[in-house]
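Starting from the known structure of chain A, arrange chain B on it as the hints suggest.
Protein chains: 2
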Amino acid sequence: MYTAEIITVGDEILIGQIVDTNSAWMANELNLAGIKVSKITSVSDSAEAIRTALSEAEKNADTVFITGGLGPTNDDITKKVLAGYFGSTRMVVHEPSLKFIETFFAKRGISINQLNKQQAEVPDCCTVIPNNYGTAPGMWFEKGKTVFVAMPGVPSEMMKMLPDVLTLLKQKTVLPDIFHKTLMTYGISESELALKIENWENSLPKETALAYLPNIETGVKLRLSSYAPDGKAIVEEQFDKLFPVLGKHIYGYEPDTLESVLGELLRKKGATVATAESCTGGRIAHRITSVPGSSAYFKGGIVAYSNEIKVNILGVNPAILEKYGAVSSEVAFQMAEGALGTLNADYAVSTTGIAGPTGGTINKPVGLCWFGIATPEGTKTFARNFINDRQGNIAAASSVALNSLRLKLIS
Amino acid sequence: MYTAEIITVGDEILIGQIVDTNSAWMANELNLAGIKVSKITSVSDSAEAIRTALSEAEKNADTVFITGGLGPTNDDITKKVLAGYFGSTRMVVHEPSLKFIETFFAKRGISINQLNKQQAEVPDCCTVIPNNYGTAPGMWFEKGKTVFVAMPGVPSEMMKMLPDVLTLLKQKTVLPDIFHKTLMTYGISESELALKIENWENSLPKETALAYLPNIETGVKLRLSSYAPDGKAIVEEQFDKLFPVLGKHIYGYEPDTLESVLGELLRKKGATVATAESCTGGRIAHRITSVPGSSAYFKGGIVAYSNEIKVNILGVNPAILEKYGAVSSEVAFQMAEGALGTLNADYAVSTTGIAGPTGGTINKPVGLCWFGIATPEGTKTFARNFINDRQGNIAAASSVALNSLRLKLIS
Numbered sequence: 001m002y003t004a005e006i007i008t009v010g011d012e013i014l015i016g017q018i019v020d021t022n023s024a025w026m027a028n029e030l031n032l033a034g035i036k037v038s039k040i041t042s043v044s045d046s047a048e049a050i051r052t053a054l055s056e057a058e059k060n061a062d063t064v065f066i067t068g069g070l071g072p073t074n075d076d077i078t079k080k081v082l083a084g085y086f087g088s089t090r091m092v093v094h095e096p097s098l099k100f101i102e103t104f105f106a107k108r109g110i111s112i113n114q115l116n117k118q119q120a121e122v123p124d125c126c127t128v129i130p131n132n133y134g135t136a137p138g139m140w141f142e143k144g145k146t147v148f149v150a151m152p153g154v155p156s157e158m159m160k161m162l163p164d165v166l167t168l169l170k171q172k173t174v175l176p177d178i179f180h181k182t183l184m185t186y187g188i189s190e191s192e193l194a195l196k197i198e199n200w201e202n203s204l205p206k207e208t209a210l211a212y213l214p215n216i217e218t219g220v221k222l223r224l225s226s227y228a229p230d231g232k233a234i235v236e237e238q239f240d241k242l243f244p245v246l247g248k249h250i251y252g253y254e255p256d257t258l259e260s261v262l263g264e265l266l267r268k269k270g271a272t273v274a275t276a277e278s279c280t281g282g283r284i285a286h287r288i289t290s291v292p293g294s295s296a297y298f299k300g301g302i303v304a305y306s307n308e309i310k311v312n313i314l315g316v317n318p319a320i321l322e323k324y325g326a327v328s329s330e331v332a333f334q335m336a337e338g339a340l341g342t343l344n345a346d347y348a349v350s351t352t353g354i355a356g357p358t359g360g361t362i363n364k365p366v367g368l369c370w371f372g373i374a375t376p377e378g379t380k381t382f383a384r385n386f387i388n389d390r391q392g393n394i395a396a397a398s399s400v401a402l403n404s405l406r407l408k409l410i411s
Numbered sequence: 001m002y003t004a005e006i007i008t009v010g011d012e013i014l015i016g017q018i019v020d021t022n023s024a025w026m027a028n029e030l031n032l033a034g035i036k037v038s039k040i041t042s043v044s045d046s047a048e049a050i051r052t053a054l055s056e057a058e059k060n061a062d063t064v065f066i067t068g069g070l071g072p073t074n075d076d077i078t079k080k081v082l083a084g085y086f087g088s089t090r091m092v093v094h095e096p097s098l099k100f101i102e103t104f105f106a107k108r109g110i111s112i113n114q115l116n117k118q119q120a121e122v123p124d125c126c127t128v129i130p131n132n133y134g135t136a137p138g139m140w141f142e143k144g145k146t147v148f149v150a151m152p153g154v155p156s157e158m159m160k161m162l163p164d165v166l167t168l169l170k171q172k173t174v175l176p177d178i179f180h181k182t183l184m185t186y187g188i189s190e191s192e193l194a195l196k197i198e199n200w201e202n203s204l205p206k207e208t209a210l211a212y213l214p215n216i217e218t219g220v221k222l223r224l225s226s227y228a229p230d231g232k233a234i235v236e237e238q239f240d241k242l243f244p245v246l247g248k249h250i251y252g253y254e255p256d257t258l259e260s261v262l263g264e265l266l267r268k269k270g271a272t273v274a275t276a277e278s279c280t281g282g283r284i285a286h287r288i289t290s291v292p293g294s295s296a297y298f299k300g301g302i303v304a305y306s307n308e309i310k311v312n313i314l315g316v317n318p319a320i321l322e323k324y325g326a327v328s329s330e331v332a333f334q335m336a337e338g339a340l341g342t343l344n345a346d347y348a349v350s351t352t353g354i355a356g357p358t359g360g361t362i363n364k365p366v367g368l369c370w371f372g373i374a375t376p377e378g379t380k381t382f383a384r385n386f387i388n389d390r391q392g393n394i395a396a397a398s399s400v401a402l403n404s405l406r407l408k409l410i411s
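So the sequences go chain by chain: A and B. Under our numbering, the residues of the first sequence are numbered 1 to 411, in order. Under our numbering, the residues of the second sequence are numbered 1 to 411, in order.
This is chain A alone, in the form it adopts within the complex:
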């Protein structure tokens, strides 16, 4: 197994001011290239912290990827620390980088200063990896059998540089096979799923690894990884065996979402959908319209937060509203049918519930939500009890609604 560690340098990460998205992006690219990332470390702009991270990584990894701290200002010390760590005796000007930096500033009409010019200086023991999108060149060091690559922390510059680094790495070594695929499920809990696929999981071939990734909005994702040479075939063969076991709980493979899959089903059928939302407050419509091209099948939605709108626009019967209350099967039914008619769609979903944190009663607790699903074959209702916070209840209810529409379309 060819391994890597990632070290990101910067105080802004450690005070939580920015999320370290560089690491996730690099980790994904490295895995796709057959390099197993064994550790990600974020350290502050401190010489000692960087040195310690380098020496720990050197013990364990074949390659070490460092980003950040290559800028022109005083708080950027990564280059100096690397020079010391690798025993560089002096800094040398990398002429092509200097030329690039001069052009870079000239193009922008900014006069160049000493700090900018110093960015072209690199430790004499490194190989430069050109930065064609910014002023800090990348640096490649070797120590024993370990390769160290330092890249700028600016995401767009790092992202453009990594492919070049991988090309150099492949000239030096043969990278092993690795393949990942993620199956999307909905409507089954992590533990139910684990019990249902226990036999399958126990009989997975060697060199595969399974992960359960539960999420309130996407459902439980199953990621299967193979380190065998024919990993793609192995993973796909194994996942194929799950379809008879999990049936309609499976809605696709990453990056599919409930809303994108629903969109595909509607598109294929040439059918349209509409929404009538009370407690989800527009969340279902927002998710449906997050999918590019959704105007092809989404007619629109009514956020019927007040009873007045349920009556006046969706045509809910005031007597029914009075008798059963807004959070009821009867009202969910009439909202879904009202949306179907008013918005002139083939399918409609409605929600009416109590998102919380207040507003519950003994009979209708916070988290109760009634759903209506109107289809050309008729309208059905059902209820769920969610026990998350307000945001969680809204998210969960919107997923249940989207999934119920999906199930209707494949039934």
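Don't take every hint at face value.
Treat identical chains as interchangeable: a pair holds within one or across any two.
[Said to hold, decoys possible] Cross-link-like lysine-lysine pairs, in silico, PhoX-like; alpha carbons within 20 Å at most: (1) Lys269 to Lys241; (2) Lys232 to Lys59; (3) Lys117 to Lys107; (4) Lys364 to Lys107.
For the record, the hints were derived by calculation from the structure and aren't laboratory data.
Relative to the frame of chain A, chain B by itself:
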């Protein structure tokens, strides 16, 4: 300085499948509490990797925060590894957690299985930190002078648990003085803001630190921190000076949001609001209804994705629609007035635009959005050109809409 290290456990981080947002969130919260985060490490679901990370962190930090790997399935091994690391001789059932788990499943109408029950088992040497939002309890260990806290990796559960952990920590030790406050601005860019407050920034007292935190949805946040004993008074005095400089760009202090501030203004005025959304697809309604108690002032909304709905429900004139196109000042105007009338509200906002990635023309490029604001004093329209991706354009447009309503209400 009281220090912490954060360890996040999960293969999904190391293969780049998820971005480690937990660490950034925790780092921010710990810094707010006066705890300096010196390192963040992400390791795989491997016993050796977790043990190594624990022992390295133990050398350097006063507290170690661990998240992830506490789920019920085979790949979740953190609890077992912690038991071994802290020399636990046996696992014991934590009765309150078991009871909570049983209730948790009963409420959902799901039968509980052995894996679920096992989540209530903890190493005998730990103190349990209750998880009131999920099935994996938190665990507090002490070794020498170091405190270790293991929390679930599900962000919403971890976020609810950390305040309890900090309360326990404050009972045990005195955390240093630190005071942060964050001023919320909207409608001014980071660089404009920096120029406008340059003099103020340069005359800030010692022991204060300013951070600019730009965000597409909230606007630019200004966080001012003071490390002085009377930090609260210092920060508030400094912020007071900004109000004459920034005027209506300021909409509050964290945790205020555009939608919560708008809600307060409507509540005070006893006024109601409604939405008519095309390109934002329900996002504005969703944000308004994310605020608890919003049913007091939100009448509802129409997601008028198709022209048919713009005409039939919002009463947009088909001739106008034909002549000017859906993305136009005229249609935004009629949508806002239509929402005001149809939904019987005092204020209404409308959006019609091209969220992208396709659908633009030379005259109406991707990112163009027309807004309508209807008030008791009349209706106005205006346009903005956004240059983000689809999700970014939807987010930005929803913020502009909410902010415009806010400005109308305070004018």
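Each hint, compared with the structure:
1. In this assembly of identical chains, Lys269 and Lys241 lie within 20 Å of each other by CA distance neither inside one copy nor across copies; the values are 27 Å within and 61 Å between.
2. Neither within a single protomer nor between protomers do Lys232 and Lys59 lie at most 20 Å apart by alpha-carbon distance, with minima of 31 Å and 42 Å respectively.
3. For the identical chains of this complex, Lys117 and Lys107 are intra-copy neighbours only, at 15 Å inside a copy versus 65 Å across copies, given an alpha-carbon limit of 20 Å.
4. In the homo-oligomer, the alpha carbons of Lys364 and Lys107 lie at most 20 Å apart only across protomers (13 Å), although the nearest pairing inside one protomer, at 51 Å, exceeds that limit.
Hints 1 and 2 from the list above are not met by this structure, while the remaining hints are.
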